[in-house]
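Asks: The hints should help you fit chains B, A and U onto chain V, whose structure is shown.
Number of protein chains: 4
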Amino acid sequence: MQIGMIGLGRMGGNIVRRLMQHGHTTVVYDKDPKAVAEIASDGAADSDSLEQFVKKLGPPRAAWVMLPAGKITEATIEALSKLMERGDVIIDGGNTFWQDDVRRGKKLKERGIHYIDVGTSGGVWGIERGYCMMIGGDKPVVERLDPIFKTLAPGLGDIPRTEEREGRDPRVEQGYLHAGPVGSGHFVKMVHNGIEYGLMQAYAEGFDILKNAGIAALPAEHRFDLDIADIAEVWRRGSVIPSWLLDLTASALARNDTLDNYSGFVEDSGEGRWTVNAAIDEAVPAEVLTAALFARFRSRKEHTFAEKILSAMRDGFGGHKEPQQHPDPARQSTPGIVKPKAGRS
Amino acid sequence: MQIGMIGLGRMGGNIVRRLMQHGHTTVVYDKDPKAVAEIASDGAADSDSLEQFVKKLGPPRAAWVMLPAGKITEATIEALSKLMERGDVIIDGGNTFWQDDVRRGKKLKERGIHYIDVGTSGGVWGIERGYCMMIGGDKPVVERLDPIFKTLAPGLGDIPRTEEREGRDPRVEQGYLHAGPVGSGHFVKMVHNGIEYGLMQAYAEGFDILKNAGIAALPAEHRFDLDIADIAEVWRRGSVIPSWLLDLTASALARNDTLDNYSGFVEDSGEGRWTVNAAIDEAVPAEVLTAALFARFRSRKEHTFAEKILSAMRDGFGGHKEPQQHPDPARQSTPGIVKPKAGRS
Amino acid sequence: MQIGMIGLGRMGGNIVRRLMQHGHTTVVYDKDPKAVAEIASDGAADSDSLEQFVKKLGPPRAAWVMLPAGKITEATIEALSKLMERGDVIIDGGNTFWQDDVRRGKKLKERGIHYIDVGTSGGVWGIERGYCMMIGGDKPVVERLDPIFKTLAPGLGDIPRTEEREGRDPRVEQGYLHAGPVGSGHFVKMVHNGIEYGLMQAYAEGFDILKNAGIAALPAEHRFDLDIADIAEVWRRGSVIPSWLLDLTASALARNDTLDNYSGFVEDSGEGRWTVNAAIDEAVPAEVLTAALFARFRSRKEHTFAEKILSAMRDGFGGHKEPQQHPDPARQSTPGIVKPKAGRS
Amino acid sequence: MQIGMIGLGRMGGNIVRRLMQHGHTTVVYDKDPKAVAEIASDGAADSDSLEQFVKKLGPPRAAWVMLPAGKITEATIEALSKLMERGDVIIDGGNTFWQDDVRRGKKLKERGIHYIDVGTSGGVWGIERGYCMMIGGDKPVVERLDPIFKTLAPGLGDIPRTEEREGRDPRVEQGYLHAGPVGSGHFVKMVHNGIEYGLMQAYAEGFDILKNAGIAALPAEHRFDLDIADIAEVWRRGSVIPSWLLDLTASALARNDTLDNYSGFVEDSGEGRWTVNAAIDEAVPAEVLTAALFARFRSRKEHTFAEKILSAMRDGFGGHKEPQQHPDPARQSTPGIVKPKAGRS
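In order, the protein sequence lines correspond to chains V, B, A and U. For our numbering, count along the first sequence from 1 and bump the result up by 1463. For our numbering, count along the second sequence from 1 and bump the result up by 1463. For our numbering, count along the third sequence from 1 and bump the result up by 1463. For our numbering, count along the fourth sequence from 1 and bump the result up by 1463.
Bound conformation, chain V alone (with noise of 0.2 Å):
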């Protein structure tokens, strides 16, 4: 079938691409003349306008929007269903905050615009081994555009076939799903990232216990020098926790096991927050998810303001001065019998 693509990056390209390797077509269009032009030469309609790209679509139009969640999103949707009519779709496959999406598909729908939202994991391997696809919105629409999700969706490949799912939704085992109205698409995506910050820190905190084995402050005889780099290939083999993300930490160890070349400012983007955000609001205790969020704000700053009124108090209850330097790394940990202060505290 056809579909427009606003918004020819990494992902909106490659998913352009999948489509037109299995037969459909395409119009598509970004600010960016280069990225059209280079996609058009693969075989896609270009346009340089948003109207020229809806005129080029034909009616029920389907306009995936894949761009930066925000302001661009919104304003790009803002602007195109003012362009569209009663019937037509619009899909967003960002990163959209999924109560963005409630109240925008509502508005849309008042005009008789169908808004479908995408949650999409794939990244740069999408193009090849296909995209996990959580999807919200109104069924008839979801499925006018199943031919689109199945194509893009990974397939059974060779993953085992979970047992006793017989009688249930066949699309689910071919990697999309339509989780419910709209917004629900994004909300378990969200979710999906959130548990993503939490097992990425679950490695990272046991690798640093690894790493940290061996440290001048523990005991001589309780001291290791461990190859994480091996340590991380061997679990990948047999053990309980095998996954992409020990794939991916192995394969950076063994490229370098210092990791020197990162210097460990975690960035964050919304979904972390937003899933805590949905924890709170369900009175849902989600401590692991939370501390992995914290311990990426925690990376990025040098010190934090807290920590300098840890030291005030301790300053004003015993005396107790800080190290005007970076401590003696050697220092930093004194295990075991710590030498405690006789003050106060």
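Just so you know, these hints were derived from the structure itself, not from any lab. Any given hint could turn out to be false.
Copies of the same chain are indistinguishable here, so a pair counts whether it falls within one copy or spans any two.
Calculated pairs, DSS-like style, for lysine-lysine (alpha carbon to alpha carbon, straight line, at most 27 Å) [to be verified]:
no.: 1; residue 1: Lys1519; residue 2: Lys1602
no.: 2; residue 1: Lys1497; residue 2: Lys1518
no.: 3; residue 1: Lys1534; residue 2: Lys1570
no.: 4; residue 1: Lys1534; residue 2: Lys1569
no.: 5; residue 1: Lys1494; residue 2: Lys1518
no.: 6; residue 1: Lys1572; residue 2: Lys1519
no.: 7; residue 1: Lys1545; residue 2: Lys1494
no.: 8; residue 1: Lys1545; residue 2: Lys1602
no.: 9; residue 1: Lys1570; residue 2: Lys1519
no.: 10; residue 1: Lys1519; residue 2: Lys1494
Replies: Chains B, A and U in isolation, oriented as in the chain V frame:
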């Protein structure tokens, strides 16, 4: 080669069988004669006492002890070692606390007996797909036992190879690792289990957020009634977070997506605790691994005393009375604009 | 000066009484005529409708609204504002979400009506010892109301003065603070409550550790049977951690040191949640405040769904069966050498 | 009565002075002759060796050891005990790990020497206002030393009495507690310090949220530029959260509200670690106390290895490059609608 096995439970028995299937000869002992008889019928040499067990082994002897960690393992190794001779080796394949290994290895070394600790992962599937092993001990002894480890390990299988591992220890890709001196095998296995706790908790919290996405306390337009069995399945296919743990979750949810066949009391074995202790000794922040452990502690209590202290304080400063009964689940979360007390807090 | 009070609950009523005791005149309204009559008998001018309430106030009017945050406050202020004139001021002294203040203040400003938000701490003791107030709003309006705030505040009392405060705003030492523009009063109060949650949880966890210091699972030589009522009391006297919250704990434990008069269901009002949301918005790690909030969430559930997910996974990978009943408390903690499973995990 | 003091640092010296001011006689020893001479000039009997120290004490001797916990205390008590006789008592008033007390007390008992552990709180102010003491040991010995404890304790002072304590141990209200057998004194003091960490972190996080309430990443209408010195002060007066720790914070902020005289490296002494270890041994969830400890660990590192693992994973799955330099502080938090990556995660 020949090897003895003490402890013929699920793990020990299967290890013996896998070894025999690949041409090794075994001598077995268990305090339960039935367990001995059963595996003897598969070809193992049986023994009805530790003395006989040792006699049936040819020097230099290799005896694998596969018993619950703690007193039983301690006592068995103590008794066994007294029957052994210089140059013999005792392998502890259980979940022993690594500092016990260090102590024990040192003591046995004084008497000329070698000690090897093996963290063994693989569970009930190990007999077929092999065991991931993390090994601590002296190099010549580990190498002497290589035929055993090679047979037990899963081998390359169909797991993709990590790039840029050229020149590294080839055993690792086969699924077994000589981690370092005595104790390091169980240390690495301990951290493996610590990570496992963190990974499990990350998934668990995510599914809890999904499960509660439709509660009445949420604004109607922000409620979703999600099919979490389908979500678990779709995430297995092309997302960032597939893993064996997710496979198990998808499988359990496909059978019964309420999980009301479980009560939610979650045991912990020693490794999760020891991992946190190790983090503390090394002064490594390990929020996620610790939160995962504490969530298990909490799962086994009706209420903590801490919670009663909170209730008592709230009663004290604001006259807040707590519900006398388990509150209405529909009121358990009070999201969005919560009815705050006009009281002091 | 003259001031009106809407909402004659515990807080509103006492505020009116304290104001009258110090020579201010008041007009009061409550939807409950009994509450109005009661305080009218103490000297307040009564009113039986918002219309009458407004009429009895002389311009420029000052009306303090002391109602549960959320819809009631919102609706009342909306109705009240329609009866008021340019230059009048509405004070929200409840526990309103600060972003609601910002929105509301902006809207009222367009109609020439001033808005002041006051985070009010003091509870049932406030009438005697005064209220700590955190105030948001325009400077001239806050200053116009100064006689009210000055009367309500506790004053210097016998609390030692902080050194080096010369030249700073003298109102602060009296116990009231003009924090900044509209919303900032409730923002500061919100963080106050967030901290309160963290402080309470810190004490609660400590007492829980003391309470469980004698459990059978510990080695006999490491068990202590501690008198936690006496410990709470002794810490009030010369330690580092005295506080009013500790006083309340000592008091509750003196009455009943098992606290079996409490079940341990701990409510949370909005402030703890909003504090964590603010931390996330600011990318400030706030582990302790968040953990304190989550502990309350957890206290209100028999089991989380997360815990069932853990049980399902454990069953899946190791065949670990969970206890079918609430486990024997004596076995709930298994310290020291824990009986680990020989199984996979 | 007569008592000996070994270790004349800030704590030991002041304890001796307070005892002498109230009529007790003292014998003192320190490896630093100057410290001995100084306090001898105040009236203490001096000694230049442990031998002389013991000789100057009349049987049954009482010797208080006030040294840094760990090897020095261990060695001193070992040497001292060899010079003492049956019926003498050694008091360890430092911050010793309570399990060391248990071991040491047992060993000394075999030789007829009594051992008392005293967790001592009071710091530099103790000489004036007295010391809060948590005491472990045999009842007759603790009672024999009562004149010493009574003198050192703060007494009732002007701290309000807790109601319903009639019939309870009157020593507690004087500020000293016989907690139980040997080790229990330091155990209780340990938990005191664990709580202290949690309290400090709760305040610290709250002030961090206040401090960052005006960052550019927030929507303009939700930014506040708050005076945190004034906030700390106002909370001392009528709020729910006053405490000595808050007094210290208010004092530090009054002097310098940027706290740029502190770098934010926060040491931890053993008690915070041991408290978490105790929680784990008892299977008591202690999220807040642990998070407070981990925040200190993190404060002493430029980056954790865990953070580099996260960066490596993110690079692997999404090609997310991390900033090469410390990022622009104004960009460190990205609240509200965050620019998410269109990439895989």
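Asks: Go through the numbered hints given earlier and state which of them the structure violates, listing their numbers in rising order.
Replies: none
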